[in-house]
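Q: Letter by letter, the chains look like this.
There are 2 protein chains.
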Amino acid sequence: MEKLSIIKIGGNIIEDETQLLQFLKLFAAMDNPKILVHGGGKKASEISKKLGIEPKMHKGRRITDETALDVALMVYGGLANKKIVARLQSLGCNALGMSGADGNTIKAHKRPVKEMDYGFAGDVDGINADLITNLLHLGISPIFCALTHDQEGQLLNTNADTIASELAVGLSDDFEVTLYYCFEMNGVLRDVSDKGSVIKKIDSTSYQKLMSDGIISNGMLPKLHNCFHALQHGVNEVRIGNLALFEKGNPNYTTLTL
Amino acid sequence: MEKLSIIKIGGNIIEDETQLLQFLKLFAAMDNPKILVHGGGKKASEISKKLGIEPKMHKGRRITDETALDVALMVYGGLANKKIVARLQSLGCNALGMSGADGNTIKAHKRPVKEMDYGFAGDVDGINADLITNLLHLGISPIFCALTHDQEGQLLNTNADTIASELAVGLSDDFEVTLYYCFEMNGVLRDVSDKGSVIKKIDSTSYQKLMSDGIISNGMLPKLHNCFHALQHGVNEVRIGNLALFEKGNPNYTTLTL
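Protein chains in written order, with UniProt numbering: chain A, 1 to 258; chain F, 1 to 258.
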């Protein structure tokens, strides 16, 4: 089966021009086919403040009201996405920026109101694998921002980690997918205070043990849950780490398999 | 030869939610294949002001410095483009939003500095007809915002009328193209103060006469120049008017042919 790389980059890479350029060079140099998923970093909060909009939060999660969604459309869908695309084009990568509304590629629904109304936050229902596969076969690298839609005209702010894993699952019928989560840390750490304590390999058995031993910290739990969800639904392999993920001969990151 | 419609909508339609929705319904109902080109209207100036950026102008033309380009990326590439795409999806039209950087579809260069430096303003060099044709054949309607790139990583603010005519010319080898300029007026008027004085048909001969008789006003000159440039380079027909352009059996607009 043809191989496909899906890479999610964290906000801290988007924010740092030097790191972003370094990453984009590594991405452009990777073999096709490949997909990038990005958030918008702190720029959204910065633009919000300048526009006089106070970010609304509940238990550490952002509440997306109409003005916050407009900022997300501007910063994720416009500023960040188009700059990444133009830079990749200069590096010889035929990038095409997308939200989940474009080509109806990522269908979602507004998160149901239970305790809280998170506003225009989307939970993914599924992806349009056919169009994405067609684009990949045309030599295009889709660059997804963290926006989806409900097919009724409403755009929705959606977690970029989730978008990456849903894309990976949805494309795993047609491709042998490796999913990369690229962020500021070297990988999953045995000891959060020791950057060198990267756990090189995690499988379903050691994942259960790491959780029961309390070694996986709070912040990492939903990320690993996403990873194993993807693996259980057809994704071949997940890798977690920093830019070293893409440097050849450097095995210093975490690889997850079933 | 297969028919293709390319429609440019003016700022006043983007600004008015009711008119925009009315237009999008008409666009969605048109037969495929079709392409939409839009600007961003006054929203860019509104966002600029809120961000404390004064729009810079020279002889009525906008000067695009780095902050003004960022606003164009946010408003044209993000806010306006994604909202149009999501709305079209809800109307059953498989829209995909693009700048000229996406898929390297519209190549341009920064306008050379002569008397004035217009900043990051782009003059179009050519289009990537192959990718656009492939997308059209996949049933996609590309929705272009008024942004291009120089293939060296720089995005450029570009006149939407020009983008529409360059797309029309570039695709006329593969399609029988009709180019629509949809704006607030009924068409080209014989008497600017009389909305009913639409000139129904203009060809190369009557165009020369209308110019020498001084009937075509200043604002309309560059628009008609664009139209005849397109006709001389393979475009089948150009139509100028308001939403009546798309209502069946309503011939109240201007049709231009060679």
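The set of hints was computed from the structure by calculation and includes no laboratory data.
Fair warning: there could be bad hints in the mix.
Note that the list lumps identical chains together, so a pair holds whenever it fits in one copy or between two copies.
Said to hold, decoys possible - Okay, derived cross-link-like pairs now, DSSO-like style, lysine-lysine, Cα gap no bigger than 30 Å in a straight line:
hint : residue 1 : residue 2
1    : K110      : K25
2    : K56       : K25
3    : K43       : K110
4    : K43       : K56
5    : K195      : K114
6    : K110      : K201
7    : K49       : K209
8    : K209      : K107
9    : K200      : K248
10   : K49       : K195
11   : K114      : K56
12   : K201      : K43
Q: For each hint, tell me whether it holds in the structure or not.
A: Consistency of the hints with the structure:
1. For the homomeric pair K110 and K25, the shortest alpha-carbon distance between copies (24 Å) is at most 30 Å, but the shortest distance inside one copy (36 Å) is not.
2. When the C-alpha separation of K56 and K25 is checked against a cutoff of 30 Å, the pair qualifies neither within a copy, at 35 Å, nor between copies, at 34 Å.
3. Within a single copy, K43 and K110 get their C-alpha atoms as close as 24 Å, and across copies as close as 26 Å, so both meet the 30 Å cut-off.
4. Proximity of K43 to K56 under the C-alpha cut-off of 30 Å is found in both arrangements, the shortest distances being 15 Å within a copy and 24 Å between copies.
5. Within a single copy, K195 and K114 get their C-alpha atoms no closer than 39 Å, and across copies no closer than 55 Å, so neither meets the 30 Å cut-off.
6. Taking the closest pair of Cα atoms, K110 and K201 never come within 30 Å of each other, the shortest separation being 36 Å inside a single copy and 49 Å across copies.
7. For the homomeric pair K49 and K209, neither the shortest alpha-carbon distance inside one copy (43 Å) nor that between copies (55 Å) is at most 30 Å.
8. For the homomeric pair K209 and K107, neither the shortest alpha-carbon distance inside one copy (35 Å) nor that between copies (54 Å) is at most 30 Å.
9. Taking the closest pair of Cα atoms, K200 and K248 come within 30 Å of each other only inside a single copy of the chain (16 Å); across copies the shortest separation is 65 Å, beyond that limit.
10. When the C-alpha separation of K49 and K195 is checked against a cutoff of 30 Å, the pair qualifies neither within a copy, at 34 Å, nor between copies, at 45 Å.
11. When the C-alpha separation of K114 and K56 is checked against a cutoff of 30 Å, the pair qualifies only within one copy, where the shortest distance is 17 Å, while the shortest distance between copies is 48 Å.
12. Within a single copy, K201 and K43 get their C-alpha atoms no closer than 34 Å, and across copies no closer than 50 Å, so neither meets the 30 Å cut-off.
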